[in-house]
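S.K.: So you can see what is in the structure, the chains are spelled out below.
There are 2 protein chains.
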Amino acid sequence: MELLKQRILAEGKNLGRGILKIDSFLNHQIDAALMAAVGAEIAREFAGTRPSRILTAEVSGLIPAAMVGHAMGNIPVVYARKHKPITMMEPVFIETAPSHTKGNVVSLMVSPEFIQAGDRILIVDDFLATGRTIDALCRIVQSADAELVGIATVVEKTFEGGRAALTTWGVPIYAAATIVDMSEGKIVLA
Amino acid sequence: MELLKQRILAEGKNLGRGILKIDSFLNHQIDAALMAAVGAEIAREFAGTRPSRILTAEVSGLIPAAMVGHAMGNIPVVYARKHKPITMMEPVFIETAPSHTKGNVVSLMVSPEFIQAGDRILIVDDFLATGRTIDALCRIVQSADAELVGIATVVEKTFEGGRAALTTWGVPIYAAATIVDMSEGKIVLA
Numbered sequence: 001m002e003l004l005k006q007r008i009l010a011e012g013k014n015l016g017r018g019i020l021k022i023d024s025f026l027n028h029q030i031d032a033a034l035m036a037a038v039g040a041e042i043a044r045e046f047a048g049t050r051p052s053r054i055l056t057a058e059v060s061g062l063i064p065a066a067m068v069g070h071a072m073g074n075i076p077v078v079y080a081r082k083h084k085p086i087t088m089m090e091p092v093f094i095e096t097a098p099s100h101t102k103g104n105v106v107s108l109m110v111s112p113e114f115i116q117a118g119d120r121i122l123i124v125d126d127f128l129a130t131g132r133t134i135d136a137l138c139r140i141v142q143s144a145d146a147e148l149v150g151i152a153t154v155v156e157k158t159f160e161g162g163r164a165a166l167t168t169w170g171v172p173i174y175a176a177a178t179i180v181d182m183s184e185g186k187i188v189l190a
Numbered sequence: 001m002e003l004l005k006q007r008i009l010a011e012g013k014n015l016g017r018g019i020l021k022i023d024s025f026l027n028h029q030i031d032a033a034l035m036a037a038v039g040a041e042i043a044r045e046f047a048g049t050r051p052s053r054i055l056t057a058e059v060s061g062l063i064p065a066a067m068v069g070h071a072m073g074n075i076p077v078v079y080a081r082k083h084k085p086i087t088m089m090e091p092v093f094i095e096t097a098p099s100h101t102k103g104n105v106v107s108l109m110v111s112p113e114f115i116q117a118g119d120r121i122l123i124v125d126d127f128l129a130t131g132r133t134i135d136a137l138c139r140i141v142q143s144a145d146a147e148l149v150g151i152a153t154v155v156e157k158t159f160e161g162g163r164a165a166l167t168t169w170g171v172p173i174y175a176a177a178t179i180v181d182m183s184e185g186k187i188v189l190a
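Protein chains in written order, with this note's numbering: chain A, 1 to 190; chain B, 1 to 190.
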């Protein structure tokens, strides 16, 4: 998606070790119109998969996922919680994944109320890097006997192998922007 | 806002001790169209305040805040982070507040990059209860020498005193839905 690529090149910072800082429009400050445009693009890409729910993870996946849900004609958007709120009292689906940008292992929790057998789930997240957060979401979909129909991300970093790791799920994988090289301070888009 | 009130009455659960569970459209699953309508309403209410940025807090404030930013003609939306990501390396504004639904004290961090002297800040959050999270955001605005222009929430619980606690900030406070009584299992809207 051209608009997104331009913003990554203009504002993205390569912090080394594959860490891309795009805090000015996605991960701390949000450009809602840009995210709505990304959401519309993902919605077009996956229109044929007819999801019944969008699934994402706290925190930075929320806005793109909500924009996709909105663009698809108001599909419910469910976000896996990393910290159990007091309102989450019943048993939950829980999986863990190492966090790339926090340096720890995070839990991802989804209430069975919001992911059910027969649901058609489109996963939307901000980054596809190693794919381990998304893989944890896929395992939740599987545990719930729901059907995974696709995986969409705002930014993919191909050199971290996430796409290859997720191909076992057998669904289309789409990224609105793809970064192929971040070595030596570079940010090279596909 | 009538649509929101209807949803609270239809789907809200009173868990006791003033805890309202509205996980089906705001706090775990999101109804993006409803949130867009709430965002548009808040945008109309605060159009005259001409904010330069919207400020919210992780996690559940993000969607309403993004919808307000979008409805106001793409005002940047900044979310205070509760957990420091690896991309947040510079000094940050930090305040703490007790969490109502987590039972602990949370930190709220905003990078000086995204809240600057002279900024006109509209705070948007999901709940106004005791007002302590929002008060922490107000203190961040103050520390940054930015100007607070208003406080908007999706749901206010009047019986927890937040509005009174926040009046010292001297700005308009608005809630899209107002709950006046949750005693004895009731959910009474204004």
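Hint data in this document are derived by calculation from the structure and do not stem from the laboratory.
Take the hints with a grain of salt, since some may be wrong.
Copies of the same chain are indistinguishable here, so a pair counts whether it falls within one copy or spans any two.
No more than 25 Å apart at the CA atoms, straight line, and that leaves these computed lysine-lysine pairs for DSS-like [said to hold, decoys possible]:
| hint | residue 1 | residue 2 |
| --- | --- | --- |
| 1 | Lys102 | Lys82 |
| 2 | Lys21 | Lys84 |
| 3 | Lys84 | Lys102 |
| 4 | Lys84 | Lys13 |
| 5 | Lys21 | Lys5 |
| 6 | Lys82 | Lys21 |
| 7 | Lys5 | Lys82 |
| 8 | Lys186 | Lys82 |
S.K.: Hints first: check each against the structure and report whether it holds.
M.R.: Outcome of the hint check:
In the homo-oligomer, the alpha carbons of Lys102 and Lys82 lie at most 25 Å apart both inside one protomer (12 Å) and across protomers (12 Å), since each shortest distance falls under that limit. Taking identical chains as interchangeable, the C-alpha atoms of Lys21 and Lys84 lie at most 25 Å apart only when they sit on different chains, with a minimum of 13 Å there against 27 Å within one chain. Within a single copy, Lys84 and Lys102 get their C-alpha atoms as close as 18 Å, and across copies as close as 7 Å, so both meet the 25 Å cut-off. Proximity of Lys84 and Lys13 under a CA criterion of 25 Å is satisfied inter-copy only: 17 Å between copies versus 32 Å inside one chain copy.
Proximity of Lys21 and Lys5 under a CA criterion of 25 Å is satisfied intra-copy only: 14 Å inside one chain copy versus 39 Å between copies. In the homo-oligomer, the alpha carbons of Lys82 and Lys21 lie at most 25 Å apart both inside one protomer (22 Å) and across protomers (17 Å), since each shortest distance falls under that limit. Taking the closest pair of Cα atoms, Lys5 and Lys82 never come within 25 Å of each other, the shortest separation being 29 Å inside a single copy and 28 Å across copies. Taking the shortest alpha-carbon separations for Lys186 and Lys82, neither the intra-copy value of 32 Å nor the inter-copy value of 30 Å comes in at or below 25 Å.
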